[in-house]
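**Q** Hey, can you piece these two chains together into the complex? The hints should help.
Each chain, written out:
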Amino acid sequence: MSMGNATRTGLLPSTRLAIQAGVSALAALVFVNFVNIDRPYWVIMTAVVVMVGTSGETLAKSMDRTLGTLFGLIAGLAIYWVTVLIHVPAVVLLVIAVPSIVVLKFASYRLMVAAVTATVVLLLELGGASQSLILSRLVDTAIGAAIAVATSFLILRLPTRRPILETVDAYDTALAAMVHDSLQAVIEGRWSADIGTRVGQLRASAANFEPLADALRAESALIGGGDIARAALAVLPVLRGHADSIISAAQAAARTGLGAEITEELQQVDRQICANLDAVRTALETGTPQAVPRLDSDYQAIQQRLLPKLGEGARSRHDVVAILNLLLALRRLNHGLRNVMANLGKSD
Amino acid sequence: MATINSRDDKANGLTSALRRRAPGGAYWRYAAYVSAIVALAALGGYASALALAGSPAGKFGAIYTGILTCLSMLFLKPTAACRPYREIAAACVAILIGAGIGGAVGHHPGIAQPVTVVIAFAGFYVRRWPEPLPMAGLVVVMSFIISQILAPFTPAGVIHASILPLIVFVSIGFWFLPRRVFTRAFLMSVLRMRSALPAELTVRPDDKEAVAASVRRIDALLRQVNDARVQADQYDPANAAGHLALVHWSATVARVWENAADGLYRVTSEDFKDQPDAASACRAAEAAVAEAIARPSKASRGAAEIALARIEKVVATLAGHGGETGGGTGDGGDQLSQETGTALIHLINSQLTLTHLLDAVAKLDAELARQSEASR
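The listed protein sequences derive, respectively, from chains V and U. Residues 0 to 347, numbered by numbering that gives the first Met the number 0, are exactly what the first sequence covers, in order. Residues 0 to 375, numbered by numbering that gives the first Met the number 0, are exactly what the second sequence covers, in order.
Source of the hints: derived by calculation from the structure; they are not laboratory data. The structure displayed is predicted, hence computed values, not measured ones. Careful: at least some of the hints might be erroneous.
[As the list claims (entries may be wrong)] Among the chain U residues that face chain V by a calculated CB cut under 8 Å, a handful are: (1) 92; (2) 127; (3) 148.
By construction, the Cβ of each residue, glycine as well, lies at the ideal position given by its N, Cα and C atoms.
Okay, chain U solo, but in the shape it has when bound (with noise of 0.2 Å):
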């Protein structure tokens, strides 16, 4: 428990943002996969500019190809769509539009002037219909205002080189755009959740400062799993249902422990001095559900059933009707003191929130192991 907690004091900051929300190192892939892209198509624009534009045009050839191909695709918003041509002849429009105009106007600062106002407005207004128009506006906007800032530097003709690669290289990282890893990412930041929850439970919190700090640890990974649902969304827009369907059972898992902790702390071998068993069924069938959490099988889970069967009959016993079925009718048994009902009121929420457990994380199972399939 020393070790989770020391490891949580010590991330902060800007690493524990990206660790949090880059489970399997997610970010870093798609970074590698747009800086590749962006270098072929600085490239591209240098070689471009270069034949088309003369010697001194090659590196804002680079620098412009480079800069546009790097905000296009941090732009993208993929659709459900298994292929993106949408997008990618939507952005090469806009690549066209902007770039094309760019260049024309760019050494004529009293047309590029009232042209900014119509393509700043033509850029937003397009967010009414559903993407890839609003990503195709900001792109024009991007490439029209780059294409101004770079103008009284660069030779004519410049921009207008850069339009060719720039399709290119942006049609091949839309294609190609491993939107997978997002979805990855989100799956694993799930099971990081529920693999964290045997653990919990075998540590087993026994005061509330520790019930708090537990349920803490489980809520920190919960927001992990809310972080990268937003990225996975985003990439993987057409399993968008599937992703709050995990989220949802994620967050039902992270209350249900809440509960599960803060009732099994209060079930200790002092209440039950005279009646060893019952503080005994209760740790077994913590030990039980633990197992069939991390190690879920149906022998597993019948174990931890029958664990838990067995709290019903200590508490049955403890009740003074051991064994006994049939309906009671208010005669049966001796006076409960207030200590022992308390004790055993205690035990039944424990063994509740056990089974609450076991069937929140099964659910859970199902809907990650849908999910998987889905994300094949």
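Next comes chain V alone, as it looks inside the complex (with noise of 0.2 Å):
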């Protein structure tokens, strides 16, 4: 069934999800009724715990436990003949073993299933298990990943991304729409109460844009979670922490009465700083991190013309100082966004 057919049922993202479970598990279970597997409950588990929601995701989180399988049996076997060649008895190792995967647990989920793995290895080692039986771990595992890829793709795929893209997106227009009109503001020498009804379009999103956060991050099933939910979970605290600053900056500035002297720089820095959020909303989107060019070149501009301003006396200064107090405010805001984008950069 495609995504708009899922849409037009609508059906709550956990009910897909638990379809597309009991599907993979009747898949899996379909699939070793056909085929002779030592372990046949090996290829469900895996077909049911990678499950995590967007197909992206599944995909992503089926290599991760395919390669940490495959890790820890390498591993696993290793460490055995080590132990054995050095003749410490193996049922130490299951001591560090443990701790091992809790810690792991912490630094990703494949090398968790590593960890796992190969305390699965040193049991079937002591329990006397043969090297195939521990082989068929990997085989059965790749077949798990795969039924529960494939159902994820074909069966209800979830929306998960959207309404967190849709509030990103809210948030993000909020925020180029409070730069513009606090720009304006100042252009026009005019400070307007309802420019601070825009911090409050910015709060309402980000308040939505957390719980959204928090349940993407829920639904990765087990441990661990998408990229875009960690991402987006940094993009809140930098964003929103200069909104305030920009607005009493501006409120400053626009009383200066300057902002008239450099309304074309002033308006390209509003243009520079919309098309950087655009690129920031497209890399969640996608995924790529986008370029955020600085703004050095506006800012100069800017200087270049208060220059003689310096000179004019002590409020003029002052009123100087205000509007170089507004460039400060916006180049954090801008810092914050290529701030987003180099984080963005590392969780690919």
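**A** Quick look at the structure:
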């Protein structure tokens, strides 16, 4: 069933995920009934536990699980053979195995799966299991992962990214509008109380954003989560933090009346920040980092225009300081956007 | 500076990931706690299976109880409640359902297979409700499927014999869970970022590359704050709003530092050859602000404000209006040269960014104090 059909059915994400898990388990059962497998429930377990939410996340988790199992098998067998060689009771290794699973859970899902698999290998070796049984864990895991991925792509695909992206979009738009209105007020030399409501909209978006990001993280089955959720969690505090400082700096700058003399430059800054906000939104949607240019040349142009004012008396100088303060606030926002992009790049 | 750089270069891969996410050894402590509970649970499962299902069953009882206790501890998402009654009740019911049904149908594949599909569906369906139900759903799924993996090799009754030790040790594990370890780790990561500032300010980046390196170091520490916050939120959700506020102020401080570093290196002695007071006023302000951040007190804050005010006076002097406070009308002083004007802009930016830094760190400190109090 396509995503469009799924949307028309109006099923909640949790219902879709539950149906996916059920279908994945059923498909795995059908498969193991046709093929003779030593441990059929290894296939079934993988087919169920890698179900995360979106097909992309399920695919990523399936790959992590399969690769983690491969690493774990190699590590487990190597460790066991070494312990046999140096005559250390293998049971001692189990004492190390459990803390490793817990600690590696915090590093990555793949490493945690590797530790779990290494522990299973040690248990099987201690129990005298055959090497073929140990290797079959890898094959069964890969089959289960493939079934889960196919199910997540074919059955009721989950649009869990959409709500969070819509909220980011609303937030992004409110932030761009707030910057635009603030700079327009500076240009016109007249502050409007309506601009304050923009900050209210930002806070409302942020309030929606947080539970959505949490929900997305919670939907990441077992341990770990999607990169988009982590990136979104990083976006929130970085962007929201600069709204208040821009508002208060712009309010003071609007009172100076200097904005009219640097209209063109301020409009250019406005356009560039809007373009940079769009770049962040696109990066969140596509998962591909975009370029966020610095605004140095625009700031330098404004500073050059203000230079003569510095020598025109204390009041003029204070007015220049107010404009410079606004530029610093805008600069912080742009640095924040660049930082978000850097984090997105690292989460890939 | 070289030391910091070389240390960063060496930090990579797994070590880096674990070190940055486990300030104060939080993960090791948590791992030690979970391991102790799992070991006790495995012993309990062994004894219980031995007593109720006979000698061949002992090791399977230990394996089932140990693995499931470990997974239950890893799946746990504590709620904001002070005492985890609901989590414990949900986990116990989940174990009863998963292991109970698993043990009952384990030797009857014809029944177990359709039940698997129903349990997989139900285990994920409960995610629509708040915690601890999603966690319980996962425990049901895992306890059932693992029982089916073990079923062909275990005597009847082993899975059922494991239910009692499972319930006992999962309950103990949840009750004494060291949640605050993650909150303290989070606070420590914020403190680590904050403590790096005076050193960065004292060393003072003197070219674009040094500025970028300094900003990267602070950003790396900010990322650690974000990472630590995710764990703190998961294990101490009651203080999630406070964690967010702290991240918000940490991010603000990081961005203010970027502005400050970007502005300070532009104020060079070369620009103020004829006015050595200007560069020295800026250096004095940097030192005073570094001191106020390193050792916050009313006295150090006052000294920093005085040093910052001195920059303002120097600017006024250089602009040709020394000491003037009245409203200028555009008729005072000589026309500023391009070089002097640009140098003055850099000086003003430095004064502004240092003031912002002082204020942002003060707000971060206030939030840190609030959160430290709340985490006790």
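**Q** All hints are to be evaluated individually against the structure, with a verdict given for each.
**A** Structure-based check of all given hints:
1. 92: With Cβ-Cβ at 18 Å, over 8 Å, it is violated.
2. 127: 4 Å, holds
3. 148: Check passed: Cβ of residue 148 of chain U comes within 4 Å of chain V, closer than 8 Å.
The structure fails to meet hint 1 from the earlier list, while all remaining hints are met.
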